[in-house]
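Residue strings, one per chain:
2 protein chains.
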Amino acid sequence: MRDCIDAVLTRDGGRALQYSPPYAPLRGWIAGMMRQRGVECTADEVFITNGNQQGLTILSRLLLDPGALAVVEEATFTGIQQVTSGRGAEVIGIPVDLATGVDVEALEAAFSRTPRPRLAILIPDFHNPLGVSLTVEKRQRIADLAAHYQVPVIEDDPYSMLRFSGTPLPPIKAFDQLDQVFYLGSFSKILAPTLRLGWMIAPRALLPRITAIRESIDLESSTLIQRAVHEFLSRGLLEPHLTHLNQVHCERRNALLEALQEEFGESATWTRPEGGLFVWATLAGDIDTWALFETAAAVEKVIYIPGAAFSVTGGHRSAMRLNFSALPAEALRDAVQRLARVMHP
Amino acid sequence: MRDCIDAVLTRDGGRALQYSPPYAPLRGWIAGMMRQRGVECTADEVFITNGNQQGLTILSRLLLDPGALAVVEEATFTGIQQVTSGRGAEVIGIPVDLATGVDVEALEAAFSRTPRPRLAILIPDFHNPLGVSLTVEKRQRIADLAAHYQVPVIEDDPYSMLRFSGTPLPPIKAFDQLDQVFYLGSFSKILAPTLRLGWMIAPRALLPRITAIRESIDLESSTLIQRAVHEFLSRGLLEPHLTHLNQVHCERRNALLEALQEEFGESATWTRPEGGLFVWATLAGDIDTWALFETAAAVEKVIYIPGAAFSVTGGHRSAMRLNFSALPAEALRDAVQRLARVMHP
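For the record, the sequence lines run as chains D and H.
First residue of the first sequence: 1, per this note's numbering; consecutive thereafter.
First residue of the second sequence: 1001, per this note's numbering; consecutive thereafter.
Looking at chain D on its own, in the form it has when it is part of the complex:
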């Protein structure tokens, strides 16, 4: 990345430091990659963002008024809660099957409410916090429901390229016939968070309004960073980077799952993600992971995110999100032993 930034500044000089429209070659590269994933789109349908949180902010400004209905998974990323309930929307939480993803019958019931929900936000792959991915059948069905009930679906996908086993799945957006699905992708998890760079595939007709909202928020994304990322991509560096990254993540997930089996075999259940960063573990019995958090951090020096932090309905008090990406296998095994001492002393 250092070399890419250096090359861009040497080549483009002041042009890489000025105000600038979205960098066309980057938009083109992203459009090509999305087409390979089954999403019909052109470069001018690719809208550059500072990452998915900004994409969510823009779309909630576009689609959501205070008091409107917003549909989300019953346990979901806190940043999604911030752009829905945090902005005065009434939130409907949909149950999630931990093997196949969101319950589409419950989703249809929510979509058919009067007044109609104004948007739904779903995480298709390696869900944060649940670790589950939607089946292909459910993706197709969700796109159909969005079209049938005219409820815009925002597909928040920072993780799908972090797959280390199983078959890559097409985004929900690949099944979108009537421009009811907004796709959000990000370089934060596949390259580096410091880039503050992501993209949105949006219906072409809405791009002027989306651009106006974006400009009112913070004008534009750094053209230096857009050019440097495009340099990285056009050198063919992403694929070997992802291969390495996902191999490391796979070893770490395996270590975490094995340690969970050893330490919590009888006393908890957990998801077995084929990629991403997170395992969702639910403890048997009446254990409150919020209540134990301080002890875990202070006494055992191990941290997790309590399940209740993700719940939009006040549930999941005995669950927790475990991140396997940041520690080597040995440290993960040690961490799970520490967790076990806290959870069943």
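Treat the hints with care, since some could be wrong.
[Claimed, not checked] Quick list of the computed label-pair ranges, beta carbon to beta carbon:
(1) D:Gln261 - H:Arg1035: 43 to 49 Å
(2) D:Pro66 - H:Glu1258: 41 to 47 Å
(3) H:Ala1298 - D:Gln150: 17 to 23 Å
[Claimed, not checked] Partner residues aside, some chain D positions facing chain H, computed with beta carbon under 8 Å:
(4) Met1
(5) Leu9
(6) Arg11
(7) Ala16
(8) Thr57
(9) Gln82
(10) Gly86
(11) Ile190
(12) Thr194
(13) Ser216
(14) Ile217
(15) Asp218
(16) Leu224
[To be verified] Far from chain D, some chain H residues (derived; all Cβ distances over 12 Å):
(17) Ala1016
(18) Gly1265
(19) Asp1286
(20) Ile1287
(21) Ala1297
Simulated from the structure, these hints should not be mistaken for laboratory data.
Note that the structure is predicted; figures quoted are calculated from it, not measured.
All C-beta atoms in this analysis are idealised placements derived from N, C-alpha and C, irrespective of residue type, glycine included.
Dock chain H against chain D, hints included.
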């Protein structure tokens, strides 16, 4: 800047690419610089932003509801209109004296309205688009009015360091006794827009809410860029850069003013800014600069921003904003001759 980015990545490696809290040494440097300008503040009162437009977005989310009263200068930056009327506020436009800045009597009348305005946004130095700077006396008075009427004043200051003549003036924030003034500063105009980096000096008690709003919008600013800018600053490179930049700007302003005198001596009036980027010219007679814009661009290949674009009350149809920063003196003289052919053929 290339060397600074390179040095940071060599020194900090992965830490410069990860999620990260605001970079403490940068906050410390900014606090020191603001203290030199008369603003009592510590590093932990410096909030890092992606530039002043984001600062305005955050503060309008903090302070403004749809239907609330917002006070702005009668002609002001379009980005300020976006975060006020663009978000459903009722806007009060205050007249501006082109020699001394905003009319403080009219400002007091607006501040004393019932219900109270929820915020005022003022540009203290080298106003965009008017080019005027507030006198010291008016700065003091505005801080006093903010305190007396409990109307928060947002001081949007991207330009004050672009001074090439006259005496630097303390910000309004320097006179703020009761934490009613929010100061917004930016590296966009003094270093490079591509950095997408600015700062806010905010009352300490509000920082948790400001942080929560910022995180919900786009999480954080790039730690790589924060570290690179701090590297640039701590090497002492800003002062010589500004000296050079302002010298160039001064020559260009002089060329623009001389050309205006030659071509529009009898048929227009204009401001004579001691810094910044903009001159505000008002044509005599019944000339509509919106109506002439297409002709100027298409026939004479010269562009300006029509005055009406900045007006919150529908005025200034015969005015225009001229930017002297981007062209060398000879090109500016040529541009003014082209303008003259359009405006009085």
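Outcome of the hint check:
1. D:Gln261 - H:Arg1035: 43 to 49 Å: violated (58 Å)
2. D:Pro66 - H:Glu1258: 41 to 47 Å: 54 Å Cβ-Cβ, so the 41 to 47 Å window is violated.
3. H:Ala1298 - D:Gln150: 17 to 23 Å: violated (42 Å)
4. Met1: Holds: closest Cβ of chain H sits about 7 Å from methionine 1 (chain D), inside 8 Å.
5. Leu9: Holds - the Cβ of leucine 9 (chain D) comes within 8 Å of chain H, reaching about 4 Å at its closest.
6. Arg11: violated (11 Å)
7. Ala16: Result: holds, 6 Å to nearest chain H Cβ.
8. Thr57: Since chain H brings a Cβ to about 5 Å from threonine 57 (chain D), closer than 8 Å, the hint holds.
9. Gln82: holds (4 Å)
10. Gly86: holds (6 Å)
11. Ile190: violated (12 Å)
12. Thr194: holds (4 Å)
13. Ser216: Because about 4 Å separates serine 216 (chain D) from the closest Cβ in chain H, which is inside the 8 Å limit, the hint holds.
14. Ile217: Since chain H brings a Cβ to about 5 Å from isoleucine 217 (chain D), closer than 8 Å, the hint holds.
15. Asp218: holds (4 Å)
16. Leu224: At 4 Å from the nearest chain H Cβ, leucine 224 (chain D) passes the 8 Å test, so the hint holds.
17. Ala1016: violated (6 Å)
18. Gly1265: holds (33 Å)
19. Asp1286: Aspartate 1286 (chain H) is indeed farther than 12 Å from all Cβ atoms of chain D, at 32 Å.
20. Ile1287: Its Cβ never comes within 12 Å of chain D, the nearest being 29 Å, so this holds.
21. Ala1297: Fine: 18 Å to the nearest Cβ keeps alanine 1297 (chain H) off the interface.
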